[in-house]
Amino acid sequence: MITVIFEVVPKEGKKDEYLDIAKPLRSELEEIPGFISIERFQSLVDPKKILSLSFWENEESIKEWRNRTTHRNAQQAGRNSVFEDYKLRVASVIRNYGMSERQEAPSDHIF
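In this text, residue positions in the sequence shown follow full-length UniProt numbering: the first is 1, and each later residue adds one.
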């Protein structure tokens, strides 16, 4: 599993415009084989910062998303007029477990 962490700081007064650009992309994301999920968060430390956290089965799925025309157009619009700054991180998930899904929990875990 791979995660994409997209941090964005919209320009002053551009937060709603950013959200308006991002909203219609959600349904298109769900069409891509290998897409798992996405959530959006606002930083408690820096209220200007918004984080989108998406999960993918593989890099091929991310590449398909990255190269979609609607996504490219949204990126361009963001860079041209909406983003003050942004940072993108792509990382492999080493372990994925929770309260009831314990298969990937470390063997030395006491619970």
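I should point out that these hints are in silico values taken from the structure, not numbers from a laboratory. Since this is a predicted model, take the numbers as computed values, not measurements. A hint or two may mislead.
Unchecked claim - In silico DSS-like links for lysine-lysine, alpha-carbon gap of 25 Å or less:
(1) K23 <-> K49
(2) K87 <-> K15
(3) K87 <-> K48
(4) K63 <-> K23
(5) K87 <-> K11
(6) K49 <-> K11
(7) K63 <-> K48
(8) K23 <-> K87
(9) K15 <-> K48
(10) K48 <-> K14
(11) K14 <-> K87
(12) K48 <-> K11
(13) K11 <-> K23
(14) K49 <-> K14
(15) K15 <-> K49
(16) K49 <-> K87
(17) K23 <-> K48
To be verified - Beta-carbon label-pair distances, calculated as ranges:
(18) R72 <-> R40: 17 to 23 Å
(19) F55 <-> E84: 22 to 28 Å
(20) Y97 <-> E12: 17 to 23 Å
(21) P33 <-> D85: 20 to 26 Å
Note that beta-carbon positions come from the ideal geometry of N, C-alpha and C, so glycine has one too.
So, going through the hints one by one against the coordinates:
1. K23 <-> K49: Given that 25 Å is the threshold and the Cα spacing comes to 17 Å, the pair holds.
2. K87 <-> K15: Given that 25 Å is the threshold and the Cα spacing comes to 16 Å, the pair holds.
3. K87 <-> K48: Answer holds: K87 to K48 is near 14 Å, not above 25 Å.
4. K63 <-> K23: holds, 20 Å
5. K87 <-> K11: Roughly 14 Å separates the two Cα atoms, so the pair holds.
6. K49 <-> K11: The given pair, whose Cα atoms are some 10 Å apart, holds under the 25 Å limit.
7. K63 <-> K48: Roughly 28 Å between the alpha carbons, so the hint for K63 and K48 is violated.
8. K23 <-> K87: holds, 19 Å
9. K15 <-> K48: holds, 8 Å
10. K48 <-> K14: Within the cut-off at roughly 10 Å; holds.
11. K14 <-> K87: holds, 17 Å
12. K48 <-> K11: Holds - the C-alpha atoms of K11 and K48 are around 9 Å apart, at most 25 Å.
13. K11 <-> K23: Given pair K11, K23 holds - Cα atoms ~18 Å apart, limit 25 Å.
14. K49 <-> K14: Cα-Cα ~12 Å, so holds.
15. K15 <-> K49: holds, 10 Å
16. K49 <-> K87: holds, 11 Å
17. K23 <-> K48: Cα-Cα ~18 Å, so holds.
18. R72 <-> R40: 17 to 23 Å: Once the Cβ atoms are compared, 20 Å apart, the range 17 to 23 Å for R40 and R72 holds.
19. F55 <-> E84: 22 to 28 Å: holds, 26 Å
20. Y97 <-> E12: 17 to 23 Å: violated, 41 Å
21. P33 <-> D85: 20 to 26 Å: About 32 Å separates the Cβ atoms of P33 and D85, which means 20 to 26 Å is violated.
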